[in-house]
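Asker: One letter stands for each residue in the lines below.
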Amino acid sequence: MRQLLMLQLVVALLALAGADQPALAQEPPPPGSVSPQGASADPQALLREIARLRQELEDVRKTYGDRLTALEAQLTAVVASQTAAPAVPPAPEPPAPAAPPASSKVFNPDVAVIGNVMGTAGSNPVAPSPALELHEAEVSFQAVIDPYARADFFVSFREEGASLEEGYITFPTIPGGLLLKAGQLRMPFGKTNALHPHVLPWPDRPLVMRNLVGGDDGLADASVSVARLIPNPWFFLELTGEVNRGQAGDVFSANQASDLSYLARLRAYQDITESTNLDVGTSFAMGHNSAGIVGDQDLGRFTTRLYGVDATVRYKPLRRSIYRSFVGRTELVWSRRQQFEGVQPAFGYYVSGDYQFARRWYTGLRYDRSDRADDASVLDTGMAAVLTFWPSEFSQLRGMYRRTRYAQSKTANELLFQLQFAIGAHGAHPF
Amino acid sequence: MNTRSVALFALALVTVTGPAMAADQKLNVVTTTEDLASIAREVGGDRITVESIARGYQDPHFVEAKPSFILKLQKADLLIVVGRELEVGWLPPLIQQSRNAKVQVGAEGYLDASQGVRILDIPTGQITRAMGDVHPQGNPHYWLDPENGRAIATSISDKLSQFRPGDRAYFAERLAAFGARLTEAQKRWIAQMAPYKGTKIVTYHRSFPNFADRFGLDIVGYVEPRPGIPPSPGHTLDLIQEMKRQNIKLILVEPYFDLKTPDSIARATGATVLVVPPSVGGVKEATDVFGLFDYGVTLIVNALKAATAK
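From first to last, the protein sequence lines stand for chains U and G. Heads up, the first sequence stops at 431 in our numbering, and the numbers go up one at a time, no gaps. Heads up, the second sequence stops at 310 in our numbering, and the numbers go up one at a time, no gaps.
It should be emphasised that the hints constitute simulated quantities derived from the structure, not laboratory data. All C-beta atoms, glycine included, are put in the ideal place defined by N, C-alpha and C. Don't take each hint at face value.
SDA-like cross-link-like pairs, simulated, lysine to any residue; straight-line CA separation at most 20 angstroms [said to hold, decoys possible]:
no.: 1; chain 1: G; residue 1: K102; chain 2: U; residue 2: S325
no.: 2; chain 1: G; residue 1: K260; chain 2: U; residue 2: F357
no.: 3; chain 1: G; residue 1: K75; chain 2: U; residue 2: K105
no.: 4; chain 1: U; residue 1: K105; chain 2: G; residue 2: G125
no.: 5; chain 1: U; residue 1: K181; chain 2: G; residue 2: P92
no.: 6; chain 1: G; residue 1: K72; chain 2: U; residue 2: L237
no.: 7; chain 1: G; residue 1: K102; chain 2: U; residue 2: D271
no.: 8; chain 1: G; residue 1: K102; chain 2: U; residue 2: P317
no.: 9; chain 1: G; residue 1: K102; chain 2: U; residue 2: L180
no.: 10; chain 1: G; residue 1: K72; chain 2: U; residue 2: R267
no.: 11; chain 1: U; residue 1: K191; chain 2: G; residue 2: P93
no.: 12; chain 1: G; residue 1: K260; chain 2: U; residue 2: P317
no.: 13; chain 1: G; residue 1: K260; chain 2: U; residue 2: L237
no.: 14; chain 1: G; residue 1: K75; chain 2: U; residue 2: L180
no.: 15; chain 1: U; residue 1: K191; chain 2: G; residue 2: S68
no.: 16; chain 1: G; residue 1: K75; chain 2: U; residue 2: Y323
no.: 17; chain 1: U; residue 1: K181; chain 2: G; residue 2: G125
no.: 18; chain 1: G; residue 1: K260; chain 2: U; residue 2: R360
no.: 19; chain 1: G; residue 1: K75; chain 2: U; residue 2: F171
no.: 20; chain 1: G; residue 1: K72; chain 2: U; residue 2: F357
no.: 21; chain 1: G; residue 1: K102; chain 2: U; residue 2: P231
Across the chosen pairs, the derived CB separations fall in these ranges [as the list claims (entries may be wrong)]:
no.: 22; chain 1: G; residue 1: G132; chain 2: U; residue 2: L419; range: 17 to 27 angstroms
no.: 23; chain 1: U; residue 1: A121; chain 2: G; residue 2: K284; range: 35 to 45 angstroms
no.: 24; chain 1: U; residue 1: G399; chain 2: G; residue 2: R181; range: 30 to 40 angstroms
no.: 25; chain 1: G; residue 1: R267; chain 2: U; residue 2: F389; range: 21 to 31 angstroms
no.: 26; chain 1: G; residue 1: K260; chain 2: U; residue 2: I174; range: 34 to 44 angstroms
no.: 27; chain 1: U; residue 1: L419; chain 2: G; residue 2: G216; range: 42 to 52 angstroms
no.: 28; chain 1: G; residue 1: G132; chain 2: U; residue 2: G399; range: 20 to 30 angstroms
Let the hints inform the model, and build the full structure from the sequences given.
Answerer: What follows is the structure in structure tokens.
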């Protein structure tokens, strides 16, 4: 109804506009009238013609003026009737729109920065740490690439400079139930090596990881990784295989392009109850080491083999899940490093327990014991107690007392302080 | 017949029989919460199987990404999520490791139940984490409004029909039946709450804005100083003052929060602490969405009745 009126109005206005000067000027003179050229000879006829045209113009003006007034009146009436009586009940509230797109930013990756400030007090004659440092600032960029893949980049900034902690593409849904990753990856040897420092329950890594599994930064390498769930009616079972460049920490060293390293890991997980679960794994890694290098030549062509067994038991009562939890962990690592002196059969492990006793408070203990990879006769042991407070989900204060006995002779007593904080995208909670 | 042709034949057989077999089976639906599972059950009836990842008595923000959930997602045809970043801390790694193309974000088998519902507390203007763990896309506890339950059911019905066009009429019929039951029940709940319209209350977390809005309660404060931040002494004292000033007699607490602070506030103000489950399964009486609202509404009405009788 309203549209029809509008249409009529528009047509009328067009007609009016059309009836204005241009139309009058272009229309041929009415039949019977004298053409100006013809009338030019008779001034009287010309005057009569002008008078007639004036009259005609006046008629046109009056006709359209009346019609316009009528239309205006009609329109006013319609508008008045609509505002006066809302015949239709108010429309229900429109559903909330989807996440409002912020112009071009919608496709930007999720960005987050995690700061890790570390302070150390006490003495350590073997591996001293600075009194205070911004140990690491980790910047992450994460986004879906296309329907087939996603990308994750973690850039680590330290006093020594920037490095790529991880940077990889993941194909989560390729056929065969495989999960394929390619890029720079932390190797899933055991439980904690694959974890970034900020999600560890300690400010440091256990001795066995530092001695046998790649030092403070652990094992990370350029890799292609394939993981598959092994179907069985009982529990979660995942097999991971990796081919790496062969250059990882102080463990593997690729002295030729073909010196690849390999990793395999089998992980089993089972819920015991809804509150308790058990996570066990076994890992194997193999690659060339640098022990055989003399000058520029790799005379030894030596390899290192790592064998690992890990177990994690978790307890978190669901009804009290934000207040109470316990995680017990252990990792055992056997290292077989070939050297000129023969194979070094080193072994090490840690056992730890972390108990959450309030919503924001955690406490834990850890026992460390490990031989050294290049000299299995040297044994380091350690004990640590840790207390963590989370002001919010995005910041964390931690203190650790650590006593380390290096080579069964030199003792280090240290207090480690750690302050971690995260800004940006809300990441997933570690499990 | 050589090995290769046997393999090809086997592959062809799998390709041909695979979908046909799947069509006979029930649609496997996984939801993140028990509320969504309950609504899906109402709509899907015996044509689907439904399983929820989170339990109703646990805090849905802090579910653990257990590998056993990966197995559930691996076999799912349809994943229904609450959305609005409620599950941001645990669902993404589960989806990524599920090896299931159907339930990836944006795929056909991924349904965000918050599309089409009424969302409250959508932040306007600048937000920062100084405000606590705010949800930039609005309050995700939207299922506590029966009208939103209706909208969720409609989305689920549409999605199920998309998967099983042959059962479209079946789902539509069940949706209509659910809607009719909900309309009846909602009338009852609103009538029960009507005498207490405008009652001022305090809640622990911001779980109840849609509930309060629908049933005419006025939430004037929270035990948490900011969303996701545990109670602080200063805020608790302020809250006690405010509750005394406005004569507030009711504190609603979700079952997964500690009662120590709410109890001490109640002692100081003479208010009653009610443990109100925001989710199906939060208490054993709340076996489905009807039970959830029946339980909550009755609990609140009885408490208010007692408070006004005093």
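Asker: Would you pick out the hints that fail for this structure and give their numbers low to high?
Answerer: Structure breaks hints 1, 3, 7, 8, 13, 16, 17, 20, 23, 24 and 26.
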